[in-house]
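These protein sequence lines are chains A and B, in that order.
Numbered per the working numbering, the first sequence spans residues 2 to 489.
Numbered per the working numbering, the second sequence spans residues 4 to 499.
Check before you lean on any hint, since a few could be wrong.
Unchecked claim - Here are the simulated lysine to aspartate or glutamate pairs, DMTMM-like style, with alpha carbons at most 25 Å apart:
#1 33/A - 294/B
#2 295/A - 380/A
#3 295/A - 258/A
#4 306/B - 250/A
#5 295/A - 262/A
#6 291/A - 262/A
#7 33/A - 297/B
#8 249/A - 337/A
#9 306/B - 38/A
#10 53/B - 123/A
#11 366/A - 325/A
#12 67/A - 203/B
Just so you know, these hints were derived from the structure itself, not from any lab.
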Amino acid sequence: MSRTGRRAGLFCLALVLLLLLNCTRLQVFQAKSLNDDAANQRSVIARYSQPRGNILVAGRTVTGSKQTGGIYAYQRTYTDGPLYAPVTGFSSQTYGNTLVEGVENDVLTGQDSRLSTRPLWDEISRASVPGGNVFTTINSKAQQAAFQGLGSKRGAVAALDPATGRILALASTPSYDPNGITGTGPATTADWTRLNADSTQPMLNRALRQTYPPGSTFKVVTLAAALQTGLYSGIDVPTDSPNPYTPKDTDHALTNESASDACLNATLEYALQVSCNTVFGKVGVDVGAKNMVKTAEAFGFNQTGQTVPVGVVKSNFDADLTSEAFLALSSIGQYDTAATPLEMAEVAAAVADNGVLMQPRLLDKVTRSDGSTVQTFGDKQFGRPVSADVAAEIQQAMVNVVENGTGTNAQISGAIVGGKTGTAQNGVGNSGTPYAWFISYAKPSASAASPVAVAVVIEDSNANRADISGGGLAAPIAKAVMQAVLNS
Amino acid sequence: MAATAAQATPPAPEAAKAPRRRWVELVLVVVAVAIAAYGYADVGYNLDGKVPADTLRYGLSLGALALIAHLCVRLRAAYADPLLLPIAVLLNGLGLVVIYRLDRATPGNSSAPSQLIWSTIGVLLFSAVVLLLRDYRILQRYAYVLAFATLLLMIVPIFLPSVYGAKIWIKIGPLSFQPGELAKIALAIFFAAYLAVHRDALALTGRKVWKLELPRGRNLGPIVVIWLASAAILFLEQDLGTLLIFFGLFVIMLYVATGRTGWIAVGLLMVGLAVVPVALWEPHVHVRFVDWLDPMRTIHQGKGPSQLAQSLFSFAAGGMLGTGLGLGHSYLIGFAMKSDWILATFGEELGLVGLAALFLLYAILVVRGYRTGRLLRDPFGRLLAIGLATLLALQVFVVAGGVTDLIPLTGMTMPFLAQGGSSLVTNWILIALLVKLSDAARRPEPPVPLIVAPTPDSPGRAVRAEGADPAQRGHSAGDGRDEGPDGEETQAVPQP
Chain A
2 MSRTGRRAGL FCLALVLLLL LNCTRLQVFQ AKSLNDDAAN QRSVIARYSQ
52 PRGNILVAGR TVTGSKQTGG IYAYQRTYTD GPLYAPVTGF SSQTYGNTLV
102 EGVENDVLTG QDSRLSTRPL WDEISRASVP GGNVFTTINS KAQQAAFQGL
152 GSKRGAVAAL DPATGRILAL ASTPSYDPNG ITGTGPATTA DWTRLNADST
202 QPMLNRALRQ TYPPGSTFKV VTLAAALQTG LYSGIDVPTD SPNPYTPKDT
252 DHALTNESAS DACLNATLEY ALQVSCNTVF GKVGVDVGAK NMVKTAEAFG
302 FNQTGQTVPV GVVKSNFDAD LTSEAFLALS SIGQYDTAAT PLEMAEVAAA
352 VADNGVLMQP RLLDKVTRSD GSTVQTFGDK QFGRPVSADV AAEIQQAMVN
402 VVENGTGTNA QISGAIVGGK TGTAQNGVGN SGTPYAWFIS YAKPSASAAS
452 PVAVAVVIED SNANRADISG GGLAAPIAKA VMQAVLNS
Chain B
4 MAATAAQATP PAPEAAKAPR RRWVELVLVV VAVAIAAYGY ADVGYNLDGK
54 VPADTLRYGL SLGALALIAH LCVRLRAAYA DPLLLPIAVL LNGLGLVVIY
104 RLDRATPGNS SAPSQLIWST IGVLLFSAVV LLLRDYRILQ RYAYVLAFAT
154 LLLMIVPIFL PSVYGAKIWI KIGPLSFQPG ELAKIALAIF FAAYLAVHRD
204 ALALTGRKVW KLELPRGRNL GPIVVIWLAS AAILFLEQDL GTLLIFFGLF
254 VIMLYVATGR TGWIAVGLLM VGLAVVPVAL WEPHVHVRFV DWLDPMRTIH
304 QGKGPSQLAQ SLFSFAAGGM LGTGLGLGHS YLIGFAMKSD WILATFGEEL
354 GLVGLAALFL LYAILVVRGY RTGRLLRDPF GRLLAIGLAT LLALQVFVVA
404 GGVTDLIPLT GMTMPFLAQG GSSLVTNWIL IALLVKLSDA ARRPEPPVPL
454 IVAPTPDSPG RAVRAEGADP AQRGHSAGDG RDEGPDGEET QAVPQP
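This is chain B alone, in the form it adopts within the complex (with noise of 0.2 Å):
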């Protein structure tokens, strides 16, 4: 297999010891699409009692999709991590699976095809991203440009009329996209960025008041300053999961970043500050709070099941084994069926044991996402994997959490299942990234030097990173230093 790989391009000495994996990943997607393709036709086969005609149609663009992407893969990012992109075929491909299931209780109102186009635009951007994106330490350039972007998108559907009792949409004729998807990303690039140049200052530096170590104001300020802005946006806008996510990328990258502890128990404190308020008087949200609390709330008020109620009867009426695709009642469950609450289809459908092995799925792309960050060595790109990783995670937590009454419903999209396509298109992108970072984490040789614009904190560090050192060569605008607080790993980096 490396043999053959090795083909591809011109083998460089190191590659022998560092395989590239890239069959495996052709294996693997293949093994994907053949899954959802098994999905649809049982789909088929449980509701008419025939497998779809159009099942090798279905099949076939699918694995074209998935073709394109790994061809990519393969093309610019020949070292990348082989799970990643089959990973994220297989959730996008049962994601189909279960909205055409979904479809047809649903007649008249299909969104498959929809989704198909999503799922194209999100491939099409994947493969972008991949072949566009030279080298990922560029986006570190691009920050702030990035931060406040994501501000501007954010605000504009405040202006705009509510959808469902959230403004986060914003819409252009039958087209309709969350800016706010996008912004996760764009925040996880800002907050790396600042993070990989500003961390020292943050950990080591700073005031004690009381038994408080406080950092820095001019440290802390400019993250603080983007987090409460956004954070502000989102209350406005009364997107609860967001803000969620945001806030607990926000801990966890200033943790990893800095090590201190401390940072965990502000976060939890502000979290709480944010949400009790919240969930005590705003009315949207103080609904969920209370069903959170007693989910049968309404029928015994004799108002009926609520979704939530619904959402429970769907998991318990899948069990462990699961009813088989088709053949389950989660339509019960009536509005945003195929976005907010698609896990518990899959819950009823494909029981405990189907759910086990989608959680083990997200849990292998972050672990993966968080290896990478492990073997990457420049701190903002070490900080963007695990960001990313952690929003996935965090993402995966909040709306499977909030579906199964484990935590308030937030009403967000679990990743490449749910129907929508900011939602789709944004985690494509995100693995897109982290290919790249999986592949940056694994070529064997060091990464291209890169010419860093002095950021405006630290001018005279990014000209010492260019070339005072020769050895911190390949590090981003960094402060020169491997490791974090900690102090591990300072190998040395080889010369290209």
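Just chain A, same shape as in the assembly (with noise of 0.2 Å):
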């Protein structure tokens, strides 16, 4: 019994050997893909863990935490939901994370390895880093003066500074709050199933993802082309332009939309002052499709993958045009050509900038819990869409437009206004409501340069079909915009 028994004790201690090895296998070698396991909550337990880092306007928090006394202990708060949301975007235990909530996720949730100041010491603690914060380029002022200027209307603001590219307001109307959609339980989904049912799509951020027709706010860019080719040699040179323009392989004539105006030959200064359709449809067929489409794509369209860091939607001018008519619908803002507000703003903008484009940057500066910077976001040049003589002479069109034309009720006293309205055709055979848009910049005078450029779009459905007008229902709002940021 000896030998068996002892035989039997190195067995058991065989077994107990194989349960070492086992837990070997699997807290050592295959911890990674186990901990990594998308099935395996305790990432966002611990993402979850501790109070989310802040996202700051102008320096103050617009975001806050706090307790859950669940699994997931930390709760997104927000101090001005509906305000910044389309800014913050969201960051729910059970929705995930979107825009900046979502992009700087990492660096919110303390998980960004730049956060941690002794990461070897942090890797072999496990300890927790606090969440970082993330500053944002938007003016408070600016913001808000969007948001009241949108009110109950469908519509998106989008506000930049034009010499750095800094976003100065993102607003997209109706927003929604997204206090009510950061925790779990019956009450978040509910909310988000009201928000996702809602036909009017609160939750869309209208100023980077969606985009219209620019309508006549295009003409800016059909503009530039023409005098950035050497079409025209100035704004005040009369064109080569008959009304009603019928291009060659249509038989279907441009006309403007009101028969008063005098768009036969009518110089570019005056073509954009009333905003002929006529004219620009022919210059853009006069300039040709491939320098239409050089010049929209030195503006930023066809960009794909765009980020600021926040994805922005491709806005679309097309690159394969063949047809005059075509070609004449695109010019003047229809058709296929499709902006989103932010991508007009960036229009408004690189002119006002006397050429230069810079990138537009919602971000200005990632920061430790105790203050300390981790990353700042420099400025960044896209192009130069047009030279700055021909900047000149767009501004110069552009401030008429505001003085004399159709953009008067964006007029500022004592700053110069430049500005482009736009009625979007919406529908098959114009059917849908209008699009009503405004394009400018302002400055405080003649010799400064311009603080703020915007765009805005109004898709108001309940408006009566007569007002809507780029000058009447966008023009406010973007005034407003541009006076908050000279007065800050």
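Hints in hand, dock the two standalone chains.
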């Protein structure tokens, strides 16, 4: 029995050894893949185990965190939910993260390796690093002015600092309160369902994620192409354009909104002032598809994967137009031409910045919880769509629009304002409610740089159709936003 | 130390050479209680940022329990192995800590208080066994009684409604008890008693059929009948874990007693024959086999992680050093996290290092059990010590292997750690028996002769053991041989 007993004992010890080997397999060799398994809740629990870092607007936090008492210890709160929802997005324990909450999630949760001041020790001790803070470029006054201006109307506003590309306002209405969907449970689910079922799409960020036909505001791009290619030497040269204008491959004549406008062979300045479709349709065809595409792309059209660092959808100008009829329509911002409000703000900003287009950005810097800086977002030039001289010409034409043309509603006393209205046709045969556009910039004096460029779009189905015009609906909002920036 | 111990009981001349090591035991018990108390304080500190106010009370009550057990050992098992009790105290204490920790994750459902009551009952039963069981060899006399009582106890739950898919509980009011737990010990005693008497017949006689030497039916009969009966009951109760442990115990004890390796092959074959159909067709067990092969199956099906997957996540989250007590998320396992799955919490919060220490503690218990077996000279005691140690080892393997996906899950409880009264009480009795056995093994004077009632199979031999050959006094109703077929250790036993 001694020998067999010893063997049985060794067998029992072998069993224990087997257990240890198996635990080593789990805890050392397979640990990473098990930890990273999507079904493993631990990463989510860890993410919500401490207060989330904050998102700041003009140095003040617009977010917060509260304890839940559940396994996801902390839940996001928003101090001015609907006002900043188009900037912050939401951070929901149930539905994930969007916009800034999404792109800077690692920083806000403290998981970004750059936040750790003693990486090796934190790795070993598994200490959790407090979430970092994200500073936005938003100007709170401009943001408030944009929301107040939009009011109950459906639409969006994007405002930029032309010299730096900083996004000063990003508004989308109707907005929503992200506080309702940050947690878990039936109330969160109900709110989520309600928001998604809402036909007005409150969670859609219209400033970044929705494109509209830009209508007449696109004439600024066409004007830029005409001057930059040298088709016309200046804005006061009479154009070679009939009224009405019928491109050679169609029998549909292009007409103007008002028959009383003197668009026949009008100067570019006058054509912009009263928004002649015939002039800019003909100019686009004369410039040619190739040059139109080139200019539009230099202003930021057809750009895929644009981020600010929040993703922006592509604004479109058809690159394969062969028909003159469609080229003419595209050149006045119709047919397939589509732009986000941010893109049209970029057009205005490039003009205001003397032809230089800066890359729009929404973030200033990222700091640790103790305030030390982790990352600063610098200014970056996107391109130079037009020369300074051409930009000056366009500025003059845009100022003329506000002073004498369709954009008088945007006048600000004591400041120089340039703008362009747009009333874009919508739907087949213009059956939908038109979109009211206004793009503009403003500067305190002729010699000063412009601190603000703005694009406004209204898609208000409730408005009286006759009242819908860029100058009537959108220009006052743009004015309020520009004033807010000029005064701040 | 030996001098101090000597004052407790008048020293026998041999006692000077055979240290009793009771002070070692006391120191280790105090260390074990301190470790458990520290664990309790650590849980509180990690969860609340401060040491719980009742840490001292917890430590003192555990210490008081351990002290009672220790005093009983001093009184009636002075030569017992000094490692057994401290390890049991440590394991029980750690179990309480982790159950308390899991209580904190399940508000409104606390199990630590009742576990503390069961611990008290366990220690009291331990003390009772140590105090009252004068000589373990008495158990041999009641082997058949124990076996049939066991069968009876195990039959009862078949007629009761099943609880969580297995018919293994007897529920009386708020108390529930698994007779199968106690049956393990009873069966080990029965196997030891039977094999002690019949091992030679099983080893040396038999018919040769082709290349296999089969033992005679009348030698093997009773043991197979008892075993088959309990296996059938287990099968009906759908408690595969206990079946596996019974089976392993049976095969290993048979092998140790007879020295015939063929038993291992036969055993494995029988395990295969029993397990395959159950695994294929019995839904409750089949699911566990499928889960074993692919623990992430439910995730791929979109149903979320199964308990086994959650357990594996726990172990992985623990890594080498663990998250620290109270800082893991093993509560995600949900149902039975405090009983069947408790090892996952150890794995997550104490890491591989903690698990290694834990397995080491069990390994020491097992090794000490086997050592006791080697030191004992009577076949019954020897087989019983080995059987009890094997029981522990198998249980640890089956449970730990199940929750770490090494083998299919069987739904058993980790000895001393897991929530559950029957298991805890049973294991305390098991340790008490080992303590008594080791006391007898290490005691310098030979055991007091025991008047053994003739067993049905060997009346003549029992008589001979009583008086015919003085050299064999002190041995149980064996066949008069010290050794099995391998024929070692034929040293003479000194006269009292």
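Going through the hints against the structure:
1. Of the supplied pair hints, the one linking residue 33/A and residue 294/B holds, its CA atoms being roughly 21 Å apart against a limit of 25 Å.
2. Between residue 295/A and residue 380/A the CA atoms are separated by roughly 24 Å; this keeps the pair inside 25 Å, and the hint holds.
3. Distance check on the hinted pair: residue 295/A and residue 258/A sit about 28 Å apart at the alpha-carbon level, beyond 25 Å; violated.
4. The suggested pairing of residue 306/B with residue 250/A is violated, with an alpha-carbon distance near 60 Å, which exceeds 25 Å.
5. Proposed proximity of residue 295/A and residue 262/A is contradicted: the alpha carbons are some 30 Å apart, above 25 Å.
6. The hinted pair formed by residue 291/A and residue 262/A fails the criterion: a straight-line CA distance of about 30 Å is larger than 25 Å.
7. About 18 Å separates the Cα atoms of residue 33/A and residue 297/B, which keeps this hinted pair within 25 Å; it holds.
8. Taken as a hint, the residue 249/A and residue 337/A pair is honoured in the structure, with Cα atoms around 19 Å apart against an allowance of 25 Å.
9. Among the hinted pairs, residue 306/B with residue 38/A is consistent with the structure: their alpha-carbon atoms are about 14 Å apart, no more than 25 Å.
10. For the suggested pair residue 53/B and residue 123/A, the alpha carbons sit about 22 Å apart, so the restraint of at most 25 Å is met.
11. For the given pair, residue 366/A sits about 47 Å from residue 325/A by alpha-carbon distance, which is inconsistent with the 25 Å threshold.
12. The hinted pair formed by residue 67/A and residue 203/B fails the criterion: a straight-line CA distance of about 74 Å is larger than 25 Å.
In this structure, the earlier hints numbered 3, 4, 5, 6, 11 and 12 are contradicted, and the remaining ones agree with it.
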